[in-house]
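Colleague: Sequence:
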Amino acid sequence: MATAELAKNPANYTTLTPLTFIARAALAHPDRTAVIYGDIRRSWAETYRRCLRLASALQALGVGPGDTVAALLPNVPEMLELHFAVPMLGAVLNAQNTRLDARTIGYMLDHGKAKVFFTDTEYHQRAAAALSDCRQPPLVIDVCDPHVSEGRRIGRISYDELLSQGSEEFRWQPPEDEWHSITLNYTSGTTGDPKGVVYHHRGAYLNALSNVIGLGLPSGAVYLWTLPMFHCNGWCFPWAVTAVAGTHVCLRQVQPERIFEAIRAHEVTHFCAAPVVLTMLVNAAASTQVHFAHPVTAATGGAAPPAAIIEAMEKLGIRIVHLYGLTETYGPSVICEFQDTWAGLPLAEKAGKIARQGILSLSMTDMMVADPATLEPVPRDGATIGELFLRGSTMMKGYLNDPEATAKAFAGGWFHTGDLGVWHPDGYVEIKDRSKDIIISGGENISSIEVENVLYRHPAVLEAAVVAMPDPFWGEVPCAFIAIKQGQALDEEEVVRFCKANLAGFKCPKKVIFLDELPKTSTGKIQKHVLRSRLAAMSA
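Under my numbering, the residues of the sequence shown are numbered 1290 to 1829, in order.
Since the hints were derived computationally from the structure, they do not count as laboratory data. There's no promise every hint is true.
DSS-like cross-link-like pairs, simulated, lysine-lysine; straight-line CA separation at most 27 Å [stated by the list, open to error]: (1) Lys1725 <-> Lys1789; (2) Lys1686 <-> Lys1725; (3) Lys1686 <-> Lys1800; (4) Lys1814 <-> Lys1721.
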């Protein structure tokens, strides 16, 4: 068939952008509740008008296409509004991690060339310290949350004052090219300065819809913000929930009693959380816990949730969906899609299935587990370890101002995740470890995650992490770091005995170190490099 004369035109081709989601929500469901925060209730019509006014006011300040607008904010309505107002100008939103130190915040402001910086008054000390080191300090706008009594203003104008200067008559235009940058996110930077990861409008649009389908968000879904919006733009859920004209229930503080109460009070249907938050919920006081009668789905990722945690969450009436992704992939890129045949399995066995990372999300094009040296796929035998590689439209544009790191990440036409795993016969991927975390003992590969999953099954274990410990004979052996649940007792002998009953002998920890709390990154991931350093210092 001859199609050369059939060209793109404004009627049959438009750029993809998640900005269309909020325009549609306001048109189709103007009176539906869009935002709940404390005693604040706003409809979709009102929320859209606020975004238009914010975009208009920012434009009057000189913000335009390609400019960076940074935000150091918790999960408050203002952070949600920035996810729409900033891209309406063709500008780029840099949502910053609220747990970072002043030096790192300042580095990101400089590296991203932020023109405007929104900061919550609670963080005024770190924000001020970060600004003092900036080569070109941005214009500071204070977000004054009435729910917070601490803090003070450091900016020239407040968010509400800025909003009052804007116009609801502002008319935004979609980007000329869907490759246009929409957000800038920074990696955790555990081995140096964080890298700036750039997202585009197309990817944000596609990943949002992939989330809608993958998690089964219905029209009018009620979503609880336990996952920080600064983390991969909340895994694109600011846009996904808006696509279904759902309700964003904002939560400033992530505490078990607040989460249980919010789910109960607002009949929350969905939330996302790192495994550390699930652990908090499972181990909350019995008087705090709520067993839900209405359907609740929780998506988790960032680290493989132990099967024991999945099992305990299901007993609370919360269905777990395990996702896998990275900052570079807009968050979720692999999903453990539930199979009907798993429904009849014993709970522990079903939890083991769900704990796998899964198959490609709808927004990704291709995935493989392969030899990193040859890019040859490994057998789908559930045993041969290789590196996970990904590619698709929800992959970052690259690292800002770092062409060398970008080229290395995309070498061979694939994104190199650095995660090691196996490919099962059913096509599901299971991550065994980060390449740097695998333990090689006497020529055998030991997955630290496998050992940790066993440790989490012990009723006294609150947190567990396993790292390699040098051994003169075996080369490396496992060393376990454990935090014990309050009111429980545990010693090394009991830990080793428990592991030997559930693992091959060579996989069992040869040393156990007890800590009050394991060190974590600002996004809740256990910092194994800190544990390795501690172990090295103890052995010196």
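Colleague: Of all the hints numbered above, which does this structure not satisfy? Sort the numbers upward.
Modeller: The structure conflicts with hint 3 only, although it agrees with all the remaining ones.
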